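Asker: Input sequences plus hints: build the corresponding full structure.
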Amino acid sequence: MASNIPGSERQGHPLLHVQKLSKHYVRGRGWGKSVAVTAVCDVDFEIRSGQTLALVGASGAGKSTVARCVARLERPDSGEIWLDGTDIARLNLRDLLPIRSNTQMIFQDTETSMNPRFSAAEVIEEPLRIQGASRSERRDIATAVMREVGLRAEWLKRPVLEFSGGQQQRLAIARALSTRPKMLILDEALSSLDLSTQAQIANLLLDLQSAHSMAYLLISHDLTLVARMADVLSVMSDGRIVEMGATQQVIADPKHVQTQRLLASARAAESKFDLASGASA
Amino acid sequence: MRAKTAILIVALVGLHLTLLLAGFVAPCDPGAQDRELPYAPPTRLHFVDASSWHLRPFVYRWNAGPDGYFEDKRQSFPVHFLTSGPAYKLLGIFEAKWHLFGVDEPARIALLGTDGFGRDEFSRVLSGGQISVAEGIAATLLALLAGTIFGIIAGYYGRLTDESVMGATELFLSLPWLYFLLGVRAFLPLHLSPARTFLLLTCVIGLIGWARPARLVRGIVLSARSRNYVLAARSFGGSDFYLMWRHILPEVLGLLLTQAALLVPRYIAAEVTLSFFGLGVNEPVASWGNMLSTLQQYSVLVSYAWLLAPAVALVVTSVIYSILADTLHSRLEFRST
Amino acid sequence: MSYLGRRVIRAAFLLVGVSILCFLFTEMAPGSFFDEMRLNPQISPETISSLRARYGLDQPLVVRYGRWLRSALHADFGYSIAYNAPVAPLLWSRAKNTLLLATTGMLLTWLISIPLGVWAAARSGRMLDKSVRVASSLLVSIPEVVIAVALLAIVVRWRVLPVGGMTSMDNEGLSQWARLQEIASRMLLPTIILTLGETAIIVRHLRASVLEVLDTPFVQAARGLGIGRTRLLFRHVLPVAASPAISLLGFSLAGLLSGSLLVEVICGWPGLGPLILDATLSRDFYLVIGGIMLSALFMVGGNLVADIMLLACDPRIRTGALDAR
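Protein sequences, first through last, are from chains A, B and C. Terminal number for the first sequence in my numbering: 381, no gaps in between. Terminal number for the second sequence in my numbering: 566, no gaps in between. Terminal number for the third sequence in my numbering: 331, no gaps in between.
These are calculated hints, taken from the structure and not from any lab test. There may be inaccurate statements among the hints.
[Unchecked claim] As a list, the in silico SDA-like pairs of lysine to any residue whose alpha-carbon atoms are at most 20 Å apart:
no., chain 1, residue 1, chain 2, residue 2
1, B, Lys326, B, Leu311
2, C, Lys136, B, Ile552
3, C, Lys136, B, Ala554
4, A, Lys120, A, Leu191
5, C, Lys136, B, Ser551
6, B, Lys233, C, Ala141
In this text, all values refer to a predicted model and were calculated from it rather than measured experimentally.
Answerer: Below you can see the structure in the form of C-alpha cells.
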C-alpha cells in the first residue's frame, strides 16, 4: 500500500512500523466491578521518513491511544512498534531513554503542556536536559531551533505566558525539534488555533518536514487539515483501522461507512474550503 | 513596597536579631541570682534629679523595706551604653563582654523586675526567647520536612501508598493535640540535659505535626501530577525524581512558606505549654514556658505582674508571625490559580 | 456499604491504631514508675519485681497489648499504680467534668459564632465586620496558654469569680440549687477561656463560608425574588454555609479537648487534664494510656456525630454527588 502513495519519491525508508497494536483499559470503581474497555485492537500501519500519516475518526475511536502508545506514554498490551529498527513496545524505561529523542509529541492544549513558571529557554531545553546535554549545547540548540520556528532568539529569556497562542505553538514545536527527532506525533496539535494561525503553523510544519525528512503521525478530526498535510489517511472506528490509503483516493472514494459519515459531516460543516484540491480559500 | 510590608519585615528582623543577640542586648547574666532582691519591681529610669535634667537616664538601688521595696535616693547610677558587663557567648560560640547597656555595681538595672531568685527578668525573657523561638522554628522545619516527604510520596505514587499515608495522617489528626503531646512526652525521659531536652522536644512536637502539611502537600502534588506539562516531561523521558524535583516541588514551596509562618508560633506555644507543665525545658535554663510556670501560684500571679513579661513577649511574637502568615497567604495563593 | 457504616468502621480502626501507637510508645519509655522506688534503699528488689509482675509489666509487649485489648473491650483499662485503683473508674469520674466543660464550651462557641459570623458576612466591609475580623485575628494569634494565664490573673486579682476546684469546702450543707450555682460559677472562667479561643477560629471560617455562599447565583436569585434579608440569611444561606462549618466540628472538637486540658490545669477544674498531667509526671503508664484512649474515643465519637449532622444537612452526600473519584 505504501508504494503507490503519490509523492513517494521524496520519502525514504519505513521509519515507524506498527504491527497488531492492542491496548485495553480497565475501568473499575474501588471494590470490584472492573470493566475492560478495549481502546485499540490490532492496529497496523507504517510511516516512512518524510511522510505524513493521518489518523482520523470519531471521538473515542482510539486515535489518541495509538499516539500515546507510539510515544510510549502508555505501554501497549500486545503488538510491536518498530521505530527505526528497534521494537520499542516492550522496552523498559531505562532502555527507552536514549530512543526517546527520536520521537517527539506535540500536544493539543499547548498552553498547559508547558510549565507556566518556565522561560521559553527552559521549555525548549527540557528534553535535552533530560537527555543530559551540557548547558552550552542546550543553549546553542535552543537558539538555532527558535530561529527555525520563526521566533526571535532574544525571546528565549521570556516567560512562557508572555507568548501568544500561535507563538506558544511554535515554542512547542521548537521544543520537539530540539532533540532532532525523526518522527513527530501531532495529537490534535492545531485544533485550538484560529484559522489563520493554523495555516501558518501548518506551513511551518510542512517546511520543517521537508528540511529534516521527518515522519509525521497526525491525529486530527479536521479533514481539511488532513487533506492538506497528510499523504496517507487512516480511518479508525471503535479501536480498529477500517480504511487506509492515499489521502486523495480515500476522500474521493470512501469505501467504509465510517469514512463516508466523516466526510459527509465535514462537507456539511465546511463552506469555503475545497476539499478535493486541498487548497484553502 | 507597601508600608505595611515594610513594618512587618522590620518587626520580624528586629525580633529575631534581638533574640539572636540576646547576650548583648541583656544587661545581666540570666542565671545570676541575687538573694537580696527577690521579686523586685522594674527599675525606674529617671531623667530628672534634685539638681537638673539629664540626657542620660539614671537609676537608684532598690532597698528592701517593711512595706516592700523603696528607692535608695542617696546615690544615683547613670546608665551606660555599650558597656562591658558579665561575660556571655555570642551565638553560643564567641566569648564576649560587651552589652548594649548596663549600670555600675552595686546597682542592678532590671527593666522588667526580678523573679523569686532575684534574677533579671529582662535578661531571662531574652535568653528564654532564644530557646522557645528556636524550638518553634526547629520543630516547624522538622514537621514540614516530614510532611513534605510523605505528602509527595503519597500524592505522586497514589493508590495504596496514598491510602496508607492518608490513613496515618487521619490517625495523627484525630487525636487532641495536647493529649497526644503529653502522651508522647510521658513515655520519654523526664530529666535530661538541656541540649537533649531541646532535641527531644523538637522531635516530639515536629513529628506529631507532620500530618497536616502532608495532607496539604499531597493535594498539591495530586493536582500537579496530572498536569500536561508533567506528562510532556515524562514523554521526554523524565524520571520520577526529575518530575518531582523540577515540576512539582516548586508548586509546593509557596505552600510550605505559608505553613511555616503558621506553624512556628503554634510550636513555640507548644514548647511554652510543655515547659509550663514541667515537661519541657527545666531550670536552670530559662524558657518562656518555665518562667510562666511560677505564676501557677496565685500569690505570685497577683502580686508581681511584671512576671507576665514572657507572656507578652509570646503574644508579640505570635502576632508578628500571624501577620506574616496572612501576607504570605494572600501573596502566594494568587499565583497558583 | 452505607456512608455511616463506613465511617463507623473507620472510627474503629482509628481507635485500634491509637491503642497500638500508645503501646509502642510504652516500649520506648526508658523510665518507669518503679525507678524512683528502685532508688529507695528501703524497698527491696523482690518487692519491686513482684509489684511489676502484679501489674503485668514484666511480660513481652505483644502479650501485654493482647491482655490490655481484651480487658479494654470489657471496659477495664488496667490499674493505676500511683492511685492504687483501677483506671477506668478514675478516668470516668474526671471525664464527666471534662465533658461538661467541653460541651458547654462547644455550645457557647457555636451559639456566639453563628450569628456573629453570619452578620459579619452580611455587613461585609462595615464596622461590625471589621471589628469582628480584627478581634478574631488577634485572638487567634494569642496562644491559649497566654489567654488562660491572663484571664486567670485578672479574675484572681480582682476576685471576680471563685477559682479552683468544682465546689467549695462547705459544699455538703448547701441546697441543690446553691450547689449548682457554685459549680456554674466555678465553671465560668474555664468556659470563657475555652470559648474565646474557639470562637475566634469558628467565626472566621463561618464568615468566609457565608461570604462564599452570598456570591452564588441561587442567592442572587432569591434576593431578586424579594426575600427579606433576615429570612434570606438564616433560612437559605446558613444551611448551605453550614456544611463546610460542620465539617469543622471535628477539628473544633479536637481543639476544645486539647484546650480543655490546659484550662483545667490552670484553673484547677477537676477534669481529665490534671489527672493525665499528674500521671505523666509520675509515669503512671496505664493511666496515661487510658486517658489518651478516652480522649481519642471522645474525638472519634464527636467526629461521628459531626458526620451524622453533615449527612442530615447536606443532601449531596446522600446522593453521592460529591463522590468524584
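Asker: Now tell me if each hint is right for this structure.
Answerer: We went through each hint and held it up to the structure:
1. Lys326(B) with Leu311(B): holds (10 Å)
2. Lys136(C) with Ile552(B): holds (16 Å)
3. Lys136(C) with Ala554(B): holds (19 Å)
4. Lys120(A) with Leu191(A): Status holds; Cα separation ~17 Å.
5. Lys136(C) with Ser551(B): holds (17 Å)
6. Lys233(B) with Ala141(C): The given pair, whose Cα atoms are some 19 Å apart, holds under the 20 Å limit.
In summary, this structure violates none of the numbered hints.
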